[in-house]
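Visitor: Reconstruct the complex from the two isolated chains, following the hints.
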Amino acid sequence: MKHTLVALMEDHPGVLNRVSSLFRRRGFNIESMSVGHTETPGISRMTIVVDSSDTSVEQVTKQLYRLIEVLKVSDVTADPNVARELVMIKVHAPSSRRAELSSLADVFEAKIVDVAHDSLMLELSANPDKVENFIELVRPFGIREMVRTGRVAMVRGSNSHAAEAYVKTA
Amino acid sequence: MSETRSGAQIMCEALIREGVEVMFGYPGGAIMPFYHALPEYPELRHVLVRHEQAAGHAAEGYARASGKVGVCVATSGPGATNLVTAIADAMMDSVPMVAITGQVAAQFIGKDAFQETDVTGITQPITKHNYLVTNIEDIAYVLKEAFHIARTGRPGPVLVDIAKNAMVARTTPRWPDKVNLAGYKPNYEGNRRQIREAIRLIGEAKKPLILAGRGIQLAGAFAELRELAERTGIPVITTLLGIGAFPENHPLALGMPGMHGWVHNNRAIQECDLLLNLGSRFDDRVTGKTSTFAPHAKIVHVDIDPSEIGKNIRVDVPIVGDVQNVLRAILEELPARDAAEWVRHIHAIRDQHLQRQQYTRPDTDMFMPHDVFAAFTRILNERGAYRVCTDVGQHQMWAAQLIDWLRPHTHITSGGLGTMGFALPAAMGAQIAQPNETVWAVAGDGGIQMNIQELATIRQEGLPIKIAIINNGYLGMVRQWQELFHERRYSATPMWSPDFVKVAEAYGIPGICVTHQSQVEDAFNTAYATDGPVLLEFQVEREVNVYPMVAPGASISEMITESPMAVV
Ligand SMILES: Cc1ncc(C[n+]2csc(CCOP(=O)(O)OP(=O)(O)O)c2C)c(N)n1
Ligand SMILES: [Mg+2]
Chain P
117 MKHTLVALME DHPGVLNRVS SLFRRRGFNI ESMSVGHTET PGISRMTIVV
167 DSSDTSVEQV TKQLYRLIEV LKVSDVTADP NVARELVMIK VHAPSSRRAE
217 LSSLADVFEA KIVDVAHDSL MLELSANPDK VENFIELVRP FGIREMVRTG
267 RVAMVRGSNS HAAEAYVKTA
Chain S
433 MSETRSGAQI MCEALIREGV EVMFGYPGGA IMPFYHALPE YPELRHVLVR
483 HEQAAGHAAE GYARASGKVG VCVATSGPGA TNLVTAIADA MMDSVPMVAI
533 TGQVAAQFIG KDAFQETDVT GITQPITKHN YLVTNIEDIA YVLKEAFHIA
583 RTGRPGPVLV DIAKNAMVAR TTPRWPDKVN LAGYKPNYEG NRRQIREAIR
633 LIGEAKKPLI LAGRGIQLAG AFAELRELAE RTGIPVITTL LGIGAFPENH
683 PLALGMPGMH GWVHNNRAIQ ECDLLLNLGS RFDDRVTGKT STFAPHAKIV
733 HVDIDPSEIG KNIRVDVPIV GDVQNVLRAI LEELPARDAA EWVRHIHAIR
783 DQHLQRQQYT RPDTDMFMPH DVFAAFTRIL NERGAYRVCT DVGQHQMWAA
833 QLIDWLRPHT HITSGGLGTM GFALPAAMGA QIAQPNETVW AVAGDGGIQM
883 NIQELATIRQ EGLPIKIAII NNGYLGMVRQ WQELFHERRY SATPMWSPDF
933 VKVAEAYGIP GICVTHQSQV EDAFNTAYAT DGPVLLEFQV EREVNVYPMV
983 APGASISEMI TESPMAVV
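In the order they appear, the protein sequences are chains P and S. For reference, each letter of the first sequence is one residue, going 117 to 286 in the working numbering. For reference, each letter of the second sequence is one residue, going 433 to 1000 in the working numbering.
Chain S on its own, in the form it takes in the complex (with noise of 0.2 Å):
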């Protein structure tokens, strides 16, 4: 007979024969047993942030870098309450993620005891499922399912709430050796019927494209697109959260599509007469108006998720399965084909329109971000082996459009929820996957202020993470819109900030700030020449806007271009 355990103990068993190495976590009241426990395990790295947002974003970062499942810890109540952007985040991007929160005694739920919080009930709609543990007996196995729940199918986060008095009972562990859910049941095997209609249509379409999303990098399908992508000469549109899955400096490379996508994709989308939708989930902010979307086009959609099928863009052919397996089944059987006058004709769409790193020029001597990311794009490529965290707002948009993404997983952001903050924290779980890799976080003034607490946690744990900050002065994003839908109305766009190197300095961290355009590439070498973190503050020109753009609401059809010849 084995020994007996308290349930803080079976905790961090638990976590071990899942194949944790590491959680970002901050205590409190309800989970302090578990706190307890720990120091007796030392193959649980515990990362502590600054606030449990953070450790939320630190356990996505982490998921999304290495493809594991995250893992976040906070107390009850506030603690909990912390983590629910984080949560709603991972849910919006398919992230595996398990969130383990502290719960008051179970004799106290129910009567509003001091932090209390129903915290199942309130992330119910953002989790891919939840539980709450009150008896230990419950614990080893509710554990290995919410991790066999989060990693597979189409992931997500789970959480467990776990009562204080399950985490100080003691019992003898029995450790289940398969979870037994008789109403999860992914599908991973598309449809014979439905894939061999694909292969027809992809055989006969004059005119077919490629829309791939983060399914392709969930699935770990690239060399599978590429090998479609070649076969076949069908050019490949890649979303925000598909950006890598695809290399950019390939012939068939289109890149993104949508609301800051080119005009180019835009207009291919909408003269196609097949769209092959691998593993995306036809967000608006791809599709614009949903009615004008793809008027051409035979759609195919590859999703593990049947929900995703013909929710918001009507599917000619569904196929409900693991992009992977259903890209497989499809290039057993399917004969090489090309489209290469299509692409001459997309590529001469392409022509007639700024290309990426040309802008027009504002009348000053500030410098403007495209030569930020035009620099960084260039020695991110010299020095590789990178990841990049980008945040919300413009720069976002700058950096998905103006850096060449070569590679599965490097770019890192947060898509379907947009959460400002997200960088600095995401990019701690980053380093700790890749820790040989250089891990950028890219953030605007206002989001980086977000979450700035965390360089304390950077300090702390010793993490060479490169932080680059584009400082318009504004909530630049915002202000773009206003500038365009709101007749300039600055109405709490306009911002202050604090001297970022001197925050930095404090931090223990050293800090440049780049006011010319003649420091740009400097600051770039250095922060790589400087062992550690660095912070790189850009002083860009205030008022620039991200071009191409669809307005919102509006069909893909039309675009907004900065360029005179360039009217869609």
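So that you can see chain P by itself, here it is in the shape it has in the complex (with noise of 0.2 Å):
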């Protein structure tokens, strides 16, 4: 099963090399890990995505607390969610071909941000099972390059991980 993992980090010259460093030197499968500014100066957020099938998650969460940095790392896998990722998709498109990539983008809410002779950019941002669906369909069409962000959650309702909590006092 997946788990999303939401890990609070100082921003810190090499927190990120901590962390990837730290999951090949356990041997943790890791499906995604995705990291950004949040909406407090100095606190980083990372969405990481892992597959407890062949990795445990409650090692993950324990190793990461190990290093000094981290803040606090929670599993939102069961609390409702909205998970997001972003995928930009270079699609072989003729002339003949455009109608029936442009009425699939519309099905899927993606937009087409680019417009080549012979190809299409389509940018789609939704939940990761859309996303995936969306590559499938779009393939035959001969994908010619892919870019996907990994994943991003927030937990519905009144907020549970923001990093002001860990703003330093001094």
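Mixed in with the good hints, there may be bad ones.
[As the list claims (entries may be wrong)] Simulated crosslink set (BS3-like; lysine-lysine; CA at most 25 Å straight-line): (1) LYS721/S with LYS617/S; (2) LYS246/P with LYS118/P; (3) LYS178/P with LYS721/S; (4) LYS118/P with LYS743/S.
For the record, the hints were derived by calculation from the structure and aren't laboratory data.
Guide: Put into structure tokens, the structure is as follows:
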């Protein structure tokens, strides 16, 4: 089963390296990891997806806590949450197939963000299953280039992972 | 307003503020500003080693013998990389240590400058935390944080890499009075509910067993462990790094478990219905094959590091906390009980097997390593006030098995990393930490040569260390594995060695070579009668094995013993 972990950490140089080196060293199998700033300066937020059939989520969490800069790790899998992933696909699109592609994009609420003479660039931000579906449906057209971000997630309702709580007082 | 200081002066003053009395180090280009400032602070003793690895192990020896943070210093590049083994060693054995390395000036970092090495990158997985400091304003705070992290929670090594420009800059120092670490809050108190559950299990168990590890030593929970054992009659097994946590002459002491543990201990673990793991981390040398370990036991695991719980062995009652606090909380409510019948059962197993000093004497006129350790343990007990630093190999296991360990922190060894070359430099640190005790370095003919250059440091510092080399002409432990598991193919294990007595003499240290059983006792007595360092070389029977033994990867139920009646 796939688990989504949200980790807050101090935004120091090298902290990303510490996390990825920890995963490598412990042999943890990480499906995706994405990191960026939060609402609070000095604190980054990482969303990590782990498949619990081959890697112990509890060990990932505990080992992350051993890193001094890691402030909070939560498994949000069971919480109602919004999860998103972004994909950009450059797809083979001769004029004969554009209408078809464009209606597919419409159904998925994907955007056409670039048009060239024989290709289109599509962008979709959606929950990971939908992204997966979309890619499968676009594939037969001929994918020339594709880039995906990892998953990001946020729990619904009154916020529970605001980084503010971890701002240094001094 | 206070005067300005150089970064190097701030480093020295920060060390003094942290209570540092001694450091072990070696100078070089990037750390020179620090060495320039050092003579201004005579309260900081600096021991010049002959190789940075030894600086690291000496800092460990100091820390392991005193409980204080050990400090080692090296320059950038090769100086820093030479520290790596000792840092990894400290990490594995939870030794509080701060390693300070010089780094090239900030504007050269990333340019492959002369003697530039990414030491924070290299040491990331083998430090509890590390820092690269390029700004003088950060030095005072970072050093405070480094010592705090090294000594609190589960102790460990912290490396501080300081760029040369920060050491030569000047500023008015601002001394922090506290650290501010939002993401570092070790949990010292165990969970009440789990503690109550542990108490309940202790009350119910028919065959309870205590497994005491290094956590007891680090927490200083000796009295609590003893009280727990005596109030309940539960017998105590001590791991390699738990040796000394419980006196081995106590009726409830059982000695060591695991790969070279006693048969009765491994049997007791396999039979017990409650295993109280107090501050040990279920190392594979203790557990053997994990799927068969302690199959009938409920397991209570007390550890200050939550990531140890459930890492190797399933746990029924996890208690994260300082083992002293946890034991105190348990003892507050724990009723007395006894386990006499179970202890009698374990003793009966013990009596079926060869006793500690017994062994099969081969048909040669050489003497056995066991003879050396039998005499050694007698003499240690007679003279008292000792620390014994052992190296890695067969002699290490014999020392652990055959010496009567009675006091905490007296047995100092490289457990988790198993670093040959540890004993001699560790003894230097231990001797400085405990100047009034007799410090022994016990090493094999192989390991002693991995840091033998430190005889010069010992001589220069006038450290009265007593050295015992158990010379079997082999990398003995590897030879034993070859004999038992590799068709006796002695590949790269027979070893020529120099005349150790002459080597010692070249360093101005008296040496004695012992070739007969009859000289063993005298040699030890002469060592004690000699002021200052002495080197004893014991030329023992060459092909002796350490028994009992669990084959690597096997279950601890399957022990190889040398006695025909001891088939397990
Ligand atoms: C630095 C290092 N290299 C290699 C080993 C592997 N090793 C473990 S025990 C051993 C043999 C040690 O020989 P010696 O020092 O003579 O001790 P003995 O086993 O003979 O008592 C070796 C090579 C090690 N533990 N450490
Ligand atoms: Mg040897």
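Visitor: Hint by hint, say whether it matches the structure.
Guide: These are the hints, each one checked on the structure:
no.: 1; hint: LYS721/S with LYS617/S; in the structure: 34 Å, violated
no.: 2; hint: LYS246/P with LYS118/P; in the structure: 16 Å, holds
no.: 3; hint: LYS178/P with LYS721/S; in the structure: 24 Å, holds
no.: 4; hint: LYS118/P with LYS743/S; in the structure: 20 Å, holds
In summary, the structure is inconsistent with hint 1 from the numbered list given earlier, while agreeing with all the others.
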